[in-house]
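All chains, full assembly: derive it from the sequences and hints.
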Amino acid sequence: MNNINIFVYGSLREGFFNYDKYLKGKVIKNIPAVLEGMDLYHMPYKGYPAIVPNEHSKVFGEIVVVKDYDETIRDIDEMEGVIDHRHPENEYHKELLTVEHLDTGIKEDCYVYFYNLDNDSIFNEKAIHIPDGDWKKYMLNK
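Residues in the sequence shown are numbered from 688 upward in steps of one, following this note's numbering.
Please note that the accuracy of each hint is not assured.
Listed next, with one range per pair, are the computed distances between beta-carbon atoms [stated by the list, open to error]: (1) G792 <-> D757: 27 to 35 Å; (2) N689 <-> P719: 19 to 27 Å; (3) S808 <-> Y756: 29 to 37 Å.
For lysine to any residue, the following SDA-like pairs were computed, each having C-alpha atoms within a straight-line distance of at most 25 Å [to be verified]: (4) K794 <-> L784; (5) K716 <-> D762; (6) K733 <-> E765; (7) K745 <-> L783; (8) K716 <-> Y779; (9) K733 <-> E767; (10) K713 <-> R761; (11) K794 <-> F747; (12) K781 <-> Y728; (13) K745 <-> N828; (14) K711 <-> N690; (15) K716 <-> F747; (16) K829 <-> Y706; (17) K781 <-> N690; (18) K745 <-> I691; (19) K829 <-> I809; (20) K823 <-> L789; (21) K781 <-> D762; (22) K823 <-> G768; (23) K745 <-> G792; (24) K824 <-> N803; (25) K794 <-> H780; (26) K711 <-> E758; (27) K711 <-> D757; (28) K823 <-> D790; (29) K781 <-> V739; (30) K824 <-> E778; (31) K781 <-> P731; (32) K824 <-> Y728; (33) K745 <-> K794; (34) K781 <-> D707; (35) K823 <-> I760; (36) K781 <-> G724; (37) K745 <-> K823; (38) K716 <-> F704; (39) K745 <-> M766; (40) K829 <-> H729.
Quick caveat, the hints were computed from the structure, so don't treat them as lab data.
Here a beta-carbon is modelled for each residue, glycine too, at the ideal position from N, C-alpha and C.
Encoded structure:
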């Protein structure tokens with residue numbers, strides 16, 4: 688069985704703190720990509736981003752191909768607060784979604800972590816919408 692790659696859009700992107708902690712030395716390949724159907728937000732009260740469903744938006748990031756697959760995915764699931772599929776206490780839910788390679792237009796199903804709004808009572812008043820869908824650019828230009 689082939690491993691399913693992950694789509695990263697925030698602190699797991701190269702140059703950020705969770706990349707260094709969870710992915711450094713484990714990345715075989717980064718593929719610039721876009722995910723349609725999600726809105727991107729920065730949560731200054733947490734220091735990292737969230738994506739939430741919105742059919743008219745898109746989010747930019749990378750598809751990451753990793754070695755030490757099982758261990759790496761397990762560590763990322765733990766970091767993202769995934770307890771189980773759609774568990775009500777997840778911080779992020781992990782779903783298989785279609786992501787498009789920016790350079791070739793190839794579409795690939797990847798694991799994507801999106802935010803569980805049910806557990807954040809201040810999200811709507813405190814989270815900052817990033818309309819261009821690129822958290823890395825947002826953070827570098829802050």
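A quick look at each hint next to the structure:
| no. | hint | verdict |
| --- | --- | --- |
| 1 | G792 <-> D757: 27 to 35 Å | holds, 30 Å |
| 2 | N689 <-> P719: 19 to 27 Å | holds, 21 Å |
| 3 | S808 <-> Y756: 29 to 37 Å | holds, 36 Å |
| 4 | K794 <-> L784 | holds, 10 Å |
| 5 | K716 <-> D762 | holds, 18 Å |
| 6 | K733 <-> E765 | holds, 16 Å |
| 7 | K745 <-> L783 | holds, 16 Å |
| 8 | K716 <-> Y779 | holds, 24 Å |
| 9 | K733 <-> E767 | holds, 13 Å |
| 10 | K713 <-> R761 | holds, 13 Å |
| 11 | K794 <-> F747 | holds, 14 Å |
| 12 | K781 <-> Y728 | holds, 17 Å |
| 13 | K745 <-> N828 | holds, 19 Å |
| 14 | K711 <-> N690 | holds, 19 Å |
| 15 | K716 <-> F747 | holds, 16 Å |
| 16 | K829 <-> Y706 | holds, 20 Å |
| 17 | K781 <-> N690 | holds, 15 Å |
| 18 | K745 <-> I691 | holds, 21 Å |
| 19 | K829 <-> I809 | holds, 22 Å |
| 20 | K823 <-> L789 | holds, 16 Å |
| 21 | K781 <-> D762 | holds, 13 Å |
| 22 | K823 <-> G768 | holds, 21 Å |
| 23 | K745 <-> G792 | holds, 15 Å |
| 24 | K824 <-> N803 | holds, 24 Å |
| 25 | K794 <-> H780 | holds, 21 Å |
| 26 | K711 <-> E758 | holds, 14 Å |
| 27 | K711 <-> D757 | holds, 16 Å |
| 28 | K823 <-> D790 | holds, 18 Å |
| 29 | K781 <-> V739 | holds, 12 Å |
| 30 | K824 <-> E778 | holds, 24 Å |
| 31 | K781 <-> P731 | holds, 22 Å |
| 32 | K824 <-> Y728 | holds, 13 Å |
| 33 | K745 <-> K794 | holds, 14 Å |
| 34 | K781 <-> D707 | holds, 21 Å |
| 35 | K823 <-> I760 | holds, 22 Å |
| 36 | K781 <-> G724 | holds, 15 Å |
| 37 | K745 <-> K823 | holds, 14 Å |
| 38 | K716 <-> F704 | holds, 18 Å |
| 39 | K745 <-> M766 | holds, 24 Å |
| 40 | K829 <-> H729 | holds, 11 Å |
In the structure shown, no violation is registered for any of the earlier numbered hints.
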